[in-house]
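Participant: Generate the whole structure from the sequences, applying the supplied hints.
Number of protein chains: 2
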Amino acid sequence: MKISTIKQLLVKIFIKHKLSKAHAIISADALINAELVGAYGHGLSRLKMYCERISKKLINPKPKIKIKKISQSVSHIDANNSIGFVAADLGIKTAIKLAQKTGIGMVAIKGSGHYGLSGYYAEQAVKKNLITMIYTNAPPAVAPHGSLKSLFGTNPICFGTPTGTKIPFILDTSISMINRGKIRVAARNNKKIPEGVALDSFGKPTIDAKKALEGVQLPIASFRGSGLAWMVDILSGVITGGNHAGRVKDPFDDFSGPQNIGHLFITFKANLFQKNYNQRIKDNIRTIKKLPKIKGVKEIMYPGQNKYYRYKKNLKREISISNIIKKDLETLIS
Amino acid sequence: MKISTIKQLLVKIFIKHKLSKAHAIISADALINAELVGAYGHGLSRLKMYCERISKKLINPKPKIKIKKISQSVSHIDANNSIGFVAADLGIKTAIKLAQKTGIGMVAIKGSGHYGLSGYYAEQAVKKNLITMIYTNAPPAVAPHGSLKSLFGTNPICFGTPTGTKIPFILDTSISMINRGKIRVAARNNKKIPEGVALDSFGKPTIDAKKALEGVQLPIASFRGSGLAWMVDILSGVITGGNHAGRVKDPFDDFSGPQNIGHLFITFKANLFQKNYNQRIKDNIRTIKKLPKIKGVKEIMYPGQNKYYRYKKNLKREISISNIIKKDLETLIS
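These protein sequence lines map, in sequence, to chains A and B.
Read the first sequence against the working numbering and you will find it ends at 443, with the numbers running on by one and no gaps.
Read the second sequence against the working numbering and you will find it ends at 443, with the numbers running on by one and no gaps.
Read the hints as simulated data drawn from the structure, not as lab findings.
One or more hints might be untrue.
No copy is singled out in the list; a pair is fine if it fits within one copy or between any two copies.
Unchecked claim - Listed below are the simulated DSS-like cross-link pairs for lysine-lysine, each with C-alpha atoms no more than 27 Å apart in a straight line:
hint: 1; residue 1: Lys275; residue 2: Lys425
hint: 2; residue 1: Lys407; residue 2: Lys422
hint: 3; residue 1: Lys210; residue 2: Lys175
hint: 4; residue 1: Lys206; residue 2: Lys130
hint: 5; residue 1: Lys384; residue 2: Lys206
hint: 6; residue 1: Lys178; residue 2: Lys237
hint: 7; residue 1: Lys358; residue 2: Lys398
hint: 8; residue 1: Lys435; residue 2: Lys384
On a predicted model such as this, the values are computed, not experimentally measured, just so you know.
Facilitator: So this is what it looks like as structure tokens:
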């Protein structure tokens, strides 16, 4: 299906679900971007869920979003259970303005929901020659170090910087070893999962996908990743007023209340301290790319480079729609 | 040896090496703190190196440190090749003042050197009820993903927050899988090293400690950790004006110039957005500690908790001095 056709369709669906036209466009753009960068888990496969949560009044289609200025460089947003895309869009735009005015910006959001890819918002700041750090929490997926139960979300750490070239440096990394979807696929196909990514229900390491599904997923790098996940939970949940400590609801199967996810956006001018920042970052990347490579490695890639190539390639194509999603679209529009 | 005796001795040694009394005290305190928290690699074992670099004029004992105000919340420091402790002490104190005045503070430093433990500076901010994020780069130790050569330092990620109790939450985590010292010990004792921590000189994974020493160490979590290390290099080196892209010199064996390490200190009031932050973080930690535990785990610890206990215990004891360090102290004082 053509990108423009899908966009029209998505906007219609969101408007039908009571979103304003502006909010429908923001949400459609975010979903399409996820498809284009190949992050299908954050794309159209979530549309039905969003609409369901709107219908069940867990996402507020007409939120009264409050922005509170805390200081010259700092603002707080209560998103009033808006769809996450809208809250995050306002968050990054506010953080960009603050940084442009005062050199640095910090925006905390509460009362939001799943907003898709952190990197999508980071790109917006980077296009304005800002460096950005973005944090969000998520429903329980990973066990804290020493624990037998999932509590932390995949809590991504996101960092973006201009590179002096068209392709931004966007690190957007989950702190879980492996995607839950991958474990599900392995279980279905009776395949093993790698060592060190999950524990069984007794807390023992397992490579049996089925046992892993009954147990817990592990964070990257053991206690280190557990600490990083905890940090993200504090930065996005505890300080903002959002849910935290495992209380963010799974959007797909917990309809007992709004998610109340928190986000934190930090932005600052890339050339805040060194006027020739672009030259410096170019030199940095060039130096690293020139290192001797492991056999089979053609190029040392910086974070975000591959995603950019995928995006550019997919932008010229149609988006392929699975039968399940086709059915979703038909049901939701009718 | 009594802590107070060691402190006197260290201050004398630093003054003998031309540091001002104030700077000597700052440096002595940082080294002693490292011993007390059990981070011996950052403690007295480095004293001789610092003195050698001062004697060789690679550390400036009488630096003319310049602080430049960039905006209401942001400052830049050119540490003029001061000993790292002095630059970092000024950096965190400046960041604390900025945050107390404007809610948020950001201080970038260039022209510094190895400053010991990031967590030591984080604690100072946390004591003032601030949240802090601290970044520094370091000499090459870890290979970028896909590369055959070390370039990133162990580039720690540090995050600190008040907890509403006496024991601060201080995450201070290196992005390398394993300490190089541990590989050296294994090689000496003909022991194997864990899988996935190092490559041999051909870029193949190895558990042979000797081959690992000839090869490279790996970052945590593969490309994810490599990205995090790269982020830290940008945040502490590229934006600040410090060295980056593998140009930070090893303080122990590269006397061809000053290190010119960069640091970045971000601070903000913990209750910037939620007045009851202390209550919220207490609830967060309490909830996580209550999770069911893996067999053998008595308590789910938050980052910094163990270090705090060690510190408190060691504070009541004398510091044990190895013969090598005893000799260092005798040589340096004479």
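Participant: Hint by hint, say whether it matches the structure.
Facilitator: Cross-check of the supplied hints:
1. Lys275 x Lys425: Cα proximity of Lys275 and Lys425: one copy only (18 Å, versus 57 Å across).
2. Lys407 x Lys422: within (19 Å within a copy, 52 Å between copies)
3. Lys210 x Lys175: For Lys210 and Lys175, the Cα distance is within 27 Å both inside one copy (21 Å) and across copies (25 Å).
4. Lys206 x Lys130: within (23 Å within a copy, 45 Å between copies)
5. Lys384 x Lys206: Answer is both: 20 Å inside a copy and 25 Å across each meet the 27 Å cutoff.
6. Lys178 x Lys237: both (22 Å within a copy, 23 Å between copies)
7. Lys358 x Lys398: between (42 Å within a copy, 20 Å between copies)
8. Lys435 x Lys384: neither (50 Å within a copy, 47 Å between copies)
Going down the numbered hints, you'll see the structure goes against just number 8.
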